[in-house]
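Line by line, the protein sequences are chains A and B.
Okay, so the first sequence: first residue is 1 according to my numbering, each after it adds one.
Okay, so the second sequence: first residue is 287 according to my numbering, each after it adds one.
It should be emphasised that the hints constitute simulated quantities derived from the structure, not laboratory data.
Fair warning: there could be bad hints in the mix.
What the hints assert, rightly or not - Below, a list of computed lysine to any residue pairs in the SDA-like style, where the Cα atoms sit at most 25 Å apart:
1) A:Lys184 / A:Ser164
2) A:Lys95 / A:Phe254
3) A:Lys7 / B:Lys709
4) B:Lys562 / A:Pro5
5) A:Lys95 / B:Glu503
6) B:Lys709 / B:Asp515
7) A:Lys281 / B:Lys565
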Amino acid sequence: METQPFKIVEVRFLAPDVKLFRILAPRIARKQQPGQFVILRVHENGERIPLTIAESNPTDGTVTIIVQGIGKTTKHLNTLNAGDTILDVVGPLGKASHIEKFGTCVVIGGGVGTAIAYPTAKALHQAGNHVIAIIGGRTKQLVILENEAREVSDELFITTDDGSYGTKGLVIDPLKKMIADGRKIDLVLAIGPIPMMRAVAEVTRPLGIKTVVSLNPIMVDGTGMCGGCRVHVGGKSQFACVDGPEFDAHQVDFAGLTKRNALYRDMEKHSLVEFEQHRCKLSEAK
Amino acid sequence: MATNPLPPKARTAIPRQHMPEQEAAERAHNFSEVNLGFNFDITKQEALRCLACANPKCTDGCPVGVKVKDFIELILKGDYLAAAAKVREDDVLPAITGRVCPQEDQCEGACIMSKKFGPVGIGYLERFVADYERQTGKIGLPQNAPPTGKKVAIVGSGPAGLSAAGDLIQKGHNVRVFEALHEIGGVLVYGIPEFRLPKEIVRQEVENMKKMGVEFETNVVVGKTVTVDELLNEEGYSAVLVATGAGLPQFLGVPGEDLCGVYSANEFLTRVNLMKAYKFPEYDEPIYDCRGKNVAVVGGGNTAMDAIRSALRLGAKNAYVIYRRSETEMPARVEEVKHAKEEGIQFLLLNNPVEFLGDDRGWLRAASVIKMELGPADESGRRRPVPIKGSEYELPLDVAVIAVGTSSNPLVQSTTPDLKTRKGGYIEANTDTLKTSKPGVFAAGDIVTGGATVILAMGAGRKAAKAIDDYLCTGTW
């Protein structure tokens with residue numbers, strides 16, 4: 001049984017603003033499967049946000065999440081350290097990734113998308129697939145989990161937008177090359193920013209390569225209750241929290257998802273500005 | 287013996303007392319409670335109206351069987367704490383039911399006074415004694431029976447779960463309630479707004495249950511975090527009560543429902559109530575900034591009223607109820623509709639949206655609405671609304687909230703293979719015992735019946751508690 005609030009037992013920065021948290025949550029650790037996520041609320045006045053579980057350890061009862069500080073909540077999270085607590089953590093939510101022996105699987109992680117792709121890549125690898133991992137980021141510092149990705153893949157490609165590490169270019173480039181070279185690919189898993197996932201879907205669509213993406217719409221409860229996370233998939237409205245978060249990339253209405261994700265942009269900005277000002281005042285006071 | 291000094295004629299001569307309310311113009315801009323509650327004088331006047339029938343119909347009309355006549359008698363004696371304790375014998379959440387029950391269809395509907403003189407204000411009286419009890423802090427908690435050593439898990443902390451927990455703890459069982467959200471209360475905290483049911487009252491009632499010994503664990507989604515089978519086989523529970531409610535939102539299925547600004551009532555109300563988005567930015571969870579905007583709710587039930595009245599309080603310029611039938615068929619409580627009208631909610635009756643129209647950013651800008659007329663009665667006995675051809679018009683809208691009902695959440699059923707369900711995914715349970723197809727597992731509330739009321743769910747919870755107690759004592763399924 002969980003001791004609430006949930007205790008952080010380990011933290012580690014993987015990149016500037018990208019922090020790994022190991023949290024004591026035995027119930028979740030026991031049940032988690034690749035592809036599933038938690039919803040957490042940092043404090044009493046906090047919002048609920050979904051974060052994919054990167055790894056779990058049923059023995060010591062911990063789950064690992066990797067957080068990129070973008071808005072107020074994630075930035076606040078990233079100020080927390082080992083010994084601090086998170087008020088609410090609930091999960092594991094969503095459907096687990098569909099794992100079987102497909103053959104050759106290309107797993108693409110853009111930025112922190114790598115953290116989300118990692119558990120599924122690991123499971124695909126364990127299931128006997130030939131896993132080709134492509135990870136990347138804007139710049140060297142933002143390439144995360146390189147060692148982990150290497151461990152769970154048979155081939156690893158690294159790209160950076162500015163060429164500061166690996167090959168200069170986008171994560172989609174090695175995929176395009178493989179396709180141009182006529183390599184047989186049975187499954188592509190692409191996780192990262194929406195434009196990246198959309199681009200991957202467009203590359204694989206003409207060839208009919210099965211392509212899976214993990215979506216990150218705005219959620220509240222995460223149990224199918226509110227429908228805020230609905231996305232159009234194959235012309236049907238689906239709830240990402242219970243029907244996903246993974247979907248057939250060729251069926252997803254990415255444009256609609258992008259629009260819905262912009263719904264609270266002004267308010268998110270407002271919260272962030274207030275938070276940053278508050279932080280400045282705090283550090284001045286120190 | 288009788289405490290009421292008045293002869294029956296004098297009792298019926300007293301008019302039904304009015305509930306003091308916040309002024310409509312004022313309350314339309316705040317989330318404070320609309321009904322202010324009786325004072326001692328009004329309470330006494332209203333209590334004096336009770337005829338103290340030899341064979342009172344009010345108790346029969348109550349889904350949990352509150353001993354109305356007895357508690358009113360105690361009010362007349364001036365023993366308000368005893369009156370509250372009397373209610374509590376049958377109703378673990380008196381301050382809540384006193385506020386949200388549809389008394390007009392239950393105790394008050396059955397009251398012998400109702401036809402000629404207007405029913406005794408049983409709900410108002412119940413609320414008064416519960417509030418008095420809470421304010422004095424002298425809660426008349428019932429005594430528990432000696433411990434049985436048996437453990438019961440309750441899935442869901444809404445009205446059905448809480449009501450069952452209250453009864454089972456009194457029988458001496460260990461009771462643990464699992465809740466998926468971060469706060470206890472289910473629909474009482476995510477659904478019903480502050481202005482109708484202050485959350486402090488729910489918290490207080492939950493505290494009372496904790497004092498009685500009920501354990502609560504939040505952040506557990508049964509079916510995901512733990513399964514029913516694991517509760518039975520690994521965590522040592524002898525019985526599980528599934529009381530998960532009807533939590534899945536229904537949409538209209540018309541084009542444009544995914545536009546920004548179109549919400550399910552569940553989402554809209556959860557953001558406002560549970561997440562306190564009306565206090566943004568003090569609270570982080572955002573909601574569409576309704577200030578100066580045109581907002582409509584689609585539907586005619588209590589949830590629709592709650593949603594649109596919330597939108598009005600969030601600053602909506604025009605707040606509409608779009609309902610496809612006429613006011614007669616509206617399922618919302620008369621009091622809620624009255625309050626809504628007083629506050630300036632505009633009712634577009636016999637209207638139905640056929641499409642939501644967006645701008646190029648994907649934000650709602652209008653609804654295409656068609657006018658309806660009433661045809662012959664349908665299977666529900668209500669006259670079926672029929673669209674009037676060619677009557678479509680465009681209603682400028684920034685926010686639309688869909689409140690046309692809910693369906694069953696499949697999380698528990700889909701992970702409990704031997705739990706039989708019926709049409710719509712609702713759990714099949716015996717009407718009297720609420721036993722499901724799976725030994726040791728009971729189900730109660732909206733997850734069995736489909737969306738109903740707080741008090742009906744509480745009644746079902748009580749029924750299930752009784753059957754669970756029988757099962758635990760006899761060991762026979």
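Quiz prompt | Given pair status - glutamate 503 of chain B, lysine 95 of chain A, alpha carbons within 25 Å | solution = holds (23 Å)
Quiz item: Quick one, are lysine 95 of chain A and phenylalanine 254 of chain A close enough, alpha carbons at most 25 Å?
Solution: The hint holds at about 20 Å.
Quiz item: When you check the alpha-carbon spacing of lysine 709 of chain B and aspartate 515 of chain B, does it fall within 25 Å?
Solution: holds (23 Å)
Exercise. Would you check the hint for lysine 7 of chain A and lysine 709 of chain B, treating anything up to 25 Å between C-alpha atoms as holding?
Key: violated (42 Å)
Practice problem: Decide if the proposed pair is consistent with the structure: lysine 184 of chain A and serine 164 of chain A, CA atoms, cutoff 25 Å inclusive. | Solution: violated (30 Å)
Quiz item: Hey, lysine 281 of chain A versus lysine 565 of chain B, does the alpha-carbon distance stay inside 25 Å?
Solution: The given pair, whose Cα atoms are some 23 Å apart, holds under the 25 Å limit.
Quiz item: Given the hint that lysine 562 of chain B pairs with proline 5 of chain A, does the C-alpha gap stay at or below 25 Å?
Solution: holds (20 Å)
Violation of the numbered hints given earlier is confined to hints 1, 3; the remaining hints are satisfied by the structure.
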